[in-house]
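2 protein chains.
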Amino acid sequence: MSAKKKGLQSVVFLNPPRLASWASIVGPKEGEGPWGNSFDVKTSDYLLGEQTWEKAESKLLQETITLAMSKTGLGVDAAEVLLAGDLMNQIISASFAARTINIPFLGLYGACSTMAEALIVGAMLVDGGFYQRVIAATSSHHYSAERQFRFPVEQGVQRSPSAQWTATASGAVVLEAGGTGPKITAVTVGKIVDMGQSDANNMGAAMAPAAADTIKMHFADMEILPDHYDLIITGDLGSIGAALLKQLFVRDGLVPLPNYSDCGMLLYDEKQDVHAGASGCGCSAAMLCGPLLAKMQRGELNKLLFVGTGALLSPTTSLQGESIPCIAHAAAIENL
Amino acid sequence: MSAKKKGLQSVVFLNPPRLASWASIVGPKEGEGPWGNSFDVKTSDYLLGEQTWEKAESKLLQETITLAMSKTGLGVDAAEVLLAGDLMNQIISASFAARTINIPFLGLYGACSTMAEALIVGAMLVDGGFYQRVIAATSSHHYSAERQFRFPVEQGVQRSPSAQWTATASGAVVLEAGGTGPKITAVTVGKIVDMGQSDANNMGAAMAPAAADTIKMHFADMEILPDHYDLIITGDLGSIGAALLKQLFVRDGLVPLPNYSDCGMLLYDEKQDVHAGASGCGCSAAMLCGPLLAKMQRGELNKLLFVGTGALLSPTTSLQGESIPCIAHAAAIENL
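Chain order of the listed sequences is B and P.
Here the first sequence stands for residues 1 to 336, numbered as in the working numbering.
Here the second sequence stands for residues 1 to 336, numbered as in the working numbering.
Everything labelled a hint here was simulated from the structure, so no lab data went into it.
Be careful, since some hints might not be right.
Claimed, not checked - Here are some chain B residues the structure puts well away from chain P; computed CB gaps all over 10 Å:
#1 Arg-150
#2 Met-222
#3 Leu-225
#4 Leu-254
#5 Glu-300
#6 Lys-303
What the hints assert, rightly or not - Covered by chain B, per the in silico footprint, the following chain P stretches (three or more residues, Cβ under 8 Å):
#7 179-192
#8 315-325
As the list claims (entries may be wrong) - Counterexamples of contact, computed for chain B against chain P with all Cβ distances above 10 Å:
#9 Asp-45
#10 Thr-72
#11 Tyr-131
#12 Glu-154
#13 Ser-239
#14 Leu-244
#15 Asp-269
Beta carbons are placed, not taken as given, at the ideal position from N, Cα and C, and that holds for glycine.
All chains should be built: construct the whole structure from the sequences, respecting the hints.
This is the structure in structure tokens:
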């Protein structure tokens, strides 16, 4: 086994990379939610001055990356590589943002687990001694995602009660070698879990078993108890998926029951009528880069397990009758 | 600067990961091409027994990964992580292959540069001390790609003279720490280059400047001359892109002119009427995992610079009038 591998699917860093800075930008609806004041920027315009939803999303991501880097006091070109992806076909939000950012770029796709995936790969590239400073980032946009995956919002199609609201949101983290601040201490890379659920309007239920699988594996690999973390937070299971995950914690014998929440349940208020909660790459990314890391900085949270959850379907696979392969990746972020 | 970073965009490995085994599977047309006998498997059926082109592509990728691992004498679960991506929306070929392969999975998207990207990230994760054995893999399928990006082949739309033929092909490499065999010694991660070309039917021309940028950077970073390599091979520039790249070599002062070829020009014979050559993630992946690595194994090639080239457009960005952001990633593979 490699020096840094621990257990079957986890890695412990020898020199845990530091989250040197981070930024979050959200859309109008997210800004009106319960955590609205915890994000760096609340946009008032879903188009961000662009002509299309897709261009708006790419601009959202690009501005978030630039803002995160500006907080380091350095220009964006002081980052050595950008790790980013998004939900759009051919990850165009990330690729077109990378065109403007103009640093070496590695595109990722993990659906809504992309922020966790980018943090994991980024932390490995820093701890591995390849880079001093990398950026991990992702985005989603309600209007670009809905028209690609379901229906154009303008069409006014009634949403299923189990549907989640794709967030207009973006998060970016600058990872650095050395220094002080919250650090990524360990990660668990997930396997695909597919329990045969094929309802693309109930992705929380599809993703919950993947989250359970990765979280259970994390504790087994790391040989720690569920109360090790102040908070275990999943990406976007929403109310249905989170309820299922809590049942799976019991099934998996995770006692004491973990301190658990889900970004998809936190981003919006119930009064905002989003049905089963929030989803989208930007949901967990903005919650991490907004309220969660702020709480870590203030010492209100010291040990966070950030579990990105992704439903790796496409409209084509759904139309071809396939069930939904899901994945979850976990990154332990700790104040050391 | 990090210990392993060299120059602006390159990394030199301290313990170069070994290409322990590899496999390539191609479709009927690729099997009839000049290198047909150099691939492990030539399929006779574009559907591989599946009901749809998309399911066929995923099966192609899954079988290639399994074959590459079987050559190590180990089961596929002896690999610790799968790094894979493809051209399909939401990289469904890779995700659904990963569902069957059932090992930890990190999804990548670099369009047709995905094989190079997977090799680069894979080599970093092995040299970084996180894993002993990882798989880097990708695929493309003529019928799934054409109907997603252009028109269903069955529609019989006339192809532009500058169009390239998306290959039905897949390649997988098993990277290991230690041992003997060809090794990845250094890599250069590319930036987006977009010269304003917006013709999605001439991707070779769009990608050539990105290839030139990364190759020039590689030589500058590594402080070596262009004749260092027995062969520099780009992914899928095709005849138009490769001709442009040769002009850019001259412009960039790369003398002596490198020993250069392009997988997109090699995969098919001129008589196969593919216009400007081959393209697709599987083009460079299968050429690498078929004839090129076989030549390295026989000692006919000892120093290869493998330069994956990707056009990071989508049909949506083209319809919205965007030009094509392109990228190239280089991996130096050497018999040590």
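Going through the hints against the structure:
1. Arg-150: About 14 Å separates B:Arg-150 from the closest Cβ of chain P, which puts it past 10 Å; holds.
2. Met-222: Per Cβ check, B:Met-222 is outside 10 Å of chain P; nearest 15 Å; holds.
3. Leu-225: It holds; B:Leu-225 is separated from chain P by about 23 Å at its closest Cβ, greater than 10 Å.
4. Leu-254: 20 Å, holds
5. Glu-300: Correct as stated: the minimum Cβ-Cβ distance to chain P is 31 Å, above 10 Å.
6. Lys-303: B:Lys-303 clear of chain P: closest Cβ-Cβ about 22 Å, beyond 10 Å.
7. 179-192: holds (count 4)
8. 315-325: holds (count 6)
9. Asp-45: Holds, since 18 Å exceeds 10 Å.
10. Thr-72: Given a closest Cβ separation of 17 Å, the condition holds.
11. Tyr-131: 6 Å, violated
12. Glu-154: Its Cβ never comes within 10 Å of chain P, the nearest being 16 Å, so this holds.
13. Ser-239: Since the minimum Cβ distance to chain P is about 24 Å, B:Ser-239 lies beyond 10 Å and the statement holds.
14. Leu-244: 20 Å, holds
15. Asp-269: Holds, since 30 Å exceeds 10 Å.
The structure is inconsistent with hint 11 alone, although it conforms to all the rest.
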